[in-house]
Amino acid sequence: MKHTTRKVVGLSLVSLTGLAAFVMVAMLALILLDVVRGGWSHLSWQFLSQAPTDGMMGGGIFPALFGTAALTLLMTLAVMPVGVLTAVYLHEYAPPSSILARVVRVAVANLAGVPSIVFGLFGLGFFILFVGKGLDHALGYEELHWAQPGILWASLTLAVLTLPVVIVSTEEALRAVPQEQRTASLALGATQSQTLARVVLPGALPGILTGAVLAISRGAGEVAPILFTGAAYFLPDLPTSLNSQFMHLGYHTYVLATQSPDVEATRPLLYATVLVLLLLTFALNLVAVLIRTRTRRKAAAGH
Amino acid sequence: MPLSSATPRNKMEARELTLRYGSKVAIKQVSLAIPEHKVTALIGPSGCGKSTFLRSLNRMNDLIPGASHDGMVFLDGRSIHDRALDVVDLRRRVGMVFQKSNPFPKSIFENVAYGLRVGGLKDKTKLAARVEKSLRGAALWDEVKDRLEESALGLSGGQQQRLCIARALAVEPEVLLMDEPASALDPIATAKIEELIHELKATYTIAIVTHNMQQAARVSDRTAFFYMGELVECGATEQIFTNPHEKRTEDYVTGKFG
Amino acid sequence: MAATHTDKAFEQDLRNLREKLLAMGAKVETLIAQSTKALTDRDSSLAEQVVGADREVNRLEVDIDDLCRRILALRQPAASDLRLITTALKIVTDLERIGDLAVNIAERAMDLNQVPPLAPYYVDTPKLAELAQQQVKKALDAFVSGDAAKAEDVLKGDDLLDALFLKIFNELLAYMMEDSRNIRRATALMFIAKHLERIGDHALNVAEMVIYMVRGKDVRHPRSRDLE
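Protein sequences, first through last, are from chains U, W and F.
Quick note: the first sequence, position 152, residue 151 per numbering that gives the first Met the number 0, numbers continuous.
Quick note: the second sequence, position 49, residue 48 per numbering that gives the first Met the number 0, numbers continuous.
Quick note: the third sequence, position 204, residue 203 per numbering that gives the first Met the number 0, numbers continuous.
Derived from the structure by calculation, the hints contain no laboratory data.
Watch out, some of these pointers could steer you wrong.
[Unchecked claim] 27 Å max Cα-Cα, derived DSSO-like pairs, lysine-lysine:
| hint | chain 1 | residue 1 | chain 2 | residue 2 |
| --- | --- | --- | --- | --- |
| 1 | F | LYS149 | W | LYS246 |
| 2 | F | LYS36 | F | LYS216 |
| 3 | W | LYS246 | W | LYS37 |
| 4 | F | LYS155 | F | LYS166 |
| 5 | F | LYS216 | W | LYS37 |
| 6 | W | LYS246 | F | LYS166 |
| 7 | W | LYS27 | W | LYS37 |
| 8 | F | LYS7 | W | LYS246 |
| 9 | W | LYS246 | F | LYS216 |
[Stated by the list, open to error] Sample of chain F residues lacking proximity to chain W, with all beta carbon distances greater than 12 Å (derived):
| hint | residue |
| --- | --- |
| 10 | ARG14 |
| 11 | VAL50 |
| 12 | LEU66 |
| 13 | GLU106 |
| 14 | ASN112 |
| 15 | TYR174 |
Glycine is no exception: its CB is placed at the ideal position from the N, C-alpha and C atoms.
Generate coordinates for the entire structure from the input sequences, incorporating the hints supplied.
Structure (structure tokens):
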């Protein structure tokens, strides 16, 4: 190839890739600009702390905010132990030839590819109609108690959805702990469980926490899985027990956008809600970054 | 040359030890004694089985999937594969220092205290005393005494390796296995480690794997030459380096490899 | 040795060392022959050549010492290589001493050539010289070929040398008792015979070192070892 041709090819590649990157940034900027411009003026303390009024044409989004937070918290409590333990089994205990480990890995990979609406249907079918009904029957409830949509079932459905994220990132974090440190610990007469508790898990903590926050930000934004399993269209009261229904920011956005009798009047509310949802997700991502850098620094400082 | 007064007791002894990884034989029919309060060097080309042999002495090979063995290894005359002997106890009695210094991402103090803590020692005064003693034993105390709470990862390579030795000493083992402990260090740090080995042999029994023949010659009392998974020759270090009996040993120590 | 060193430069160094030692050995052998010839042929100019040639032997000694030190410092030789180097360091001293002794013989020969010869004095001295020269040659051959058996021959051959020296000694003693005017010449001859006997001893040293080099077993001073 001639020198000039090479130069032209090189230059065009640079500009092509640069352009792609620019388009990417521009799209994000446009979305952000539009959301902030439309929603900023409506954002206020009242908006955040009040329930919707006037058939959702006025008031705030507090129940949705609270519902989202409660849902995410419950989901985290459910997904972290199961996910971390699974990853620990896969990476630390399962022999390399283990068929069970291979089956679990395939299952995890496939679980990650399932559309989220399927999770919603699964939650309805498994948690509500199977587990819930069974519970009602076993506990002797006459009317529907557990066999109806509620925050517990919604959070467990989300937990199933986010399980692959936690397992994969935890396994990655465990892999990042140098093998030499495990060997050193064992050579000092530590048992395998002591090694796990004192060396491996502390070393993997930043990665595990990152996985947790990734799962949370994924779970907080999902709407489809909770449609049939617990999210309420409109419910000014906060959920009081695990089988209560609840409002959710994502679902609320959907409702405002599609179900409003007066689209023009709801638009500022809609923008503000989307803005809050975006801010929440960004905040969670920020927390992830902070936790990661802090635990890393601590690990490096040796505490 | 004058012989030392009495033949030393064998602290450890392998008898016809064969080790396999799956179907691959890593060492075959090795019979070798590790005399007490002596430094025994294991030399040989890469893949000759010397590290495998070293790791079999405190059953670190058990951790490798598919590893199996025939033959016996004795510690003070008792088989280390005895069901009544806990492998955790074995590793406390037979400590190990690795090629790559591998301190935990913890403070200097916590690194040395690690083996004691997992062993159940909680008393703070006792912990502090043992940590100091071990650091002194590893000739590191003066360099780190004012920064015990700082991360071990901030130490130089040579200091990290001595920290790893201190960490191994803290559990007060009887035997110390060293797997190329100075291969990643500069000559000064290496010299310090070698001097340390000289001092340690009064208290411990040491077996060291090294690629560096001069190092084996400098630090060891006895040298064992491994080749292709077999023990070719074992004898007084001086004899191996001035007058080996086996042709393969001769070719190896004089630098004639095919 | 079938296998060669993986490091070719090291192999070359060792070959150099062997060749230099061989050259030095050949040189001192010639000096022994020439100094004896200077005596029997009453050839003082040949004797002067011997005295001059000693400088070359000394230069070779320094060269070989340097080479050995360099190999020790740079290659850290072990086993047979180590034994070769230490042997070379020791036998080079013996060879240099043999050269010196040849010079001494040449100097005595020059003295003797100033005066009329003492009857049939050289009948046995040349034979002694030949024996000594053979011993040196044999020892060096043993070194070069790494042949311990040949080196052991040298150990045995020394007795022959000693016996012949004793015979010459007694003969010269008889000359001196016969006529006191013979004393000066007979003493000079006795020195020459003694020098040749000493050359034999140095050849013996070389042979002992060769046996150590080949077998890794020290055969010197067997009795002093028993004391330990």
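Index of numbered hints that the structure contradicts, given in increasing order
Failing hints, ascending: 2, 6.
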